[in-house]
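Participant: As given, the protein sequences belong to chains P and V, one line each in that order. Take the first sequence: its letters are residues 1 to 250, numbered as in the UniProt record's numbering. Take the second sequence: its letters are residues 1 to 250, numbered as in the UniProt record's numbering.
No lab work stands behind these hints, which were simulated from the structure alone. Please note that a few of the clues may not be correct.
Pairs involving identical chains hold if they fit within one copy or between any two copies, as the list cannot separate such chains.
Stated by the list, open to error - Computed list of lysine-lysine pairs in BS3-like fashion (alpha-carbon distance at most 27 Å, straight line): (1) Lys-32 / Lys-217; (2) Lys-135 / Lys-151; (3) Lys-84 / Lys-32; (4) Lys-84 / Lys-41; (5) Lys-68 / Lys-41.
In this text the structure is predicted, and so the values were computed from the model without any measurement.
Protein chains: 2
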Amino acid sequence: IPSILLLGVIYMAYVLIGGLVFWNLEGDLGRKDIELLLQSKNRLLKTYTCLNQEGLEDLAQVFIDASKRGLSVKGNHTTDGFWKFTSSAVFAATVVTTIGYGNMSPSSTAGQIFCVFFALFGIPLNVVVLNRVGKYMLAIVKNICTLLEGKTKHKKCACVSVHLVSYLSGVVLFFLVPMTVFQQQEGWSYSQAIYYCFITLSTVGFGDFVADNNPDKVYPEWYSVLMTSWIFFGLAWLSLLINHSIDLLE
Amino acid sequence: IPSILLLGVIYMAYVLIGGLVFWNLEGDLGRKDIELLLQSKNRLLKTYTCLNQEGLEDLAQVFIDASKRGLSVKGNHTTDGFWKFTSSAVFAATVVTTIGYGNMSPSSTAGQIFCVFFALFGIPLNVVVLNRVGKYMLAIVKNICTLLEGKTKHKKCACVSVHLVSYLSGVVLFFLVPMTVFQQQEGWSYSQAIYYCFITLSTVGFGDFVADNNPDKVYPEWYSVLMTSWIFFGLAWLSLLINHSIDLLE
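Produce the complete structure using the sequences and hints provided.
Facilitator: In structure tokens:
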């Protein structure tokens, strides 16, 4: 029991200290945001003289509801909304991987109930597939290892360097390359792009940044394919890392 | 290789069929939403004659930005925004558990970078703690098992029923009770409440429904404590279920 209690205390402390840091880092920004909003509100009330407080609330309700459904009031026509076939398939993928960006989510009762059952079988399937792919990737690395071990005198050294190279190429392939691509295609800063990569592959998935999702941008053909492969193999690589750690421990 | 390919095909098919179903279930709703938005837009333009298309876009930008920062234009004063200490701690907890609702997320560069490192160490810590608690819960069930086995002739039967009871009480405690509580406190329908429970405990975490987060509601004192315990022990219970499945397989 004591070790569980100690672990629990460390865990609680970690979360609370994290909360404290976020509070400090974002709280000031929050106060500035409030000031900015009040300024904007006054500006709007002065510019559009037919509006009063009730009018503002009325308009805000319409815009926020529309925004939550992926609709925009920009332009003379509205956008198609979120639920095209491609975006629905991407949504399904974010459910089974438990990323769950939440930029789109089912709003009908039927959609919500289907989502529960879809996730119930999809999440375990996803775990099994990623583990398999991860183990397969590990087997390839081990084969290269054995191959090199036969050709060199420094056996230990060869194997360590193969693992190191595969680890580093994973970091480059799943973090540095996507970071550069997202920075250019989405117009995010480098820190925003690496934040997005990490939040996605860790399956936290806030949905504050989502690639391939800006209605005002035209993306190249290969973009959505690249993004899907990145998520799939990136998650498999992380699964490999975890498998590998277990492998080393045993 | 063939078994991996087969698994990959099943996985792809599962995701694509899921996408197809979501597209069908939500697409119609999307078209209705577009019509409703166009109607609202026309109504707004007629009611507030000082507004034109540019005015609408101008207002929409302000409201949507404010809404993304947890600010509301309702009332004469704005709300405090998301980043109070309690909500920051809850946010930190949703990061380490990878739920990541995304109803609040760091918008400063410092906050985003801290978030990456916080998750990097927090997620493994969370996995370790939940596994420990899950194993501890399993040990308790097994102890009850052994205790009952000594007192009855039907050994197999006693153990199976203990596992069945613990499984059922988990479902009641982590799905049915929270569902009822959320239905009453948040004013959600039962299907929305069970959808929220499932999306949270599976760590998908869309953030379309978030408990203890409605600025227009006054929640009872015990509510946030109950919610945090529910998430923690619910996740530990799921970890126990997974551990148990592995236990049975080996």
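Participant: Next step is simple, just say for each hint if it's right about the structure.
Facilitator: Hints versus structure:
| no. | hint | result |
| --- | --- | --- |
| 1 | Lys-32 / Lys-217 | between (29 Å within a copy, 25 Å between copies) |
| 2 | Lys-135 / Lys-151 | within (25 Å within a copy, 45 Å between copies) |
| 3 | Lys-84 / Lys-32 | between (37 Å within a copy, 14 Å between copies) |
| 4 | Lys-84 / Lys-41 | between (35 Å within a copy, 23 Å between copies) |
| 5 | Lys-68 / Lys-41 | both (21 Å within a copy, 16 Å between copies) |
The structure shown violates none of the earlier numbered hints.
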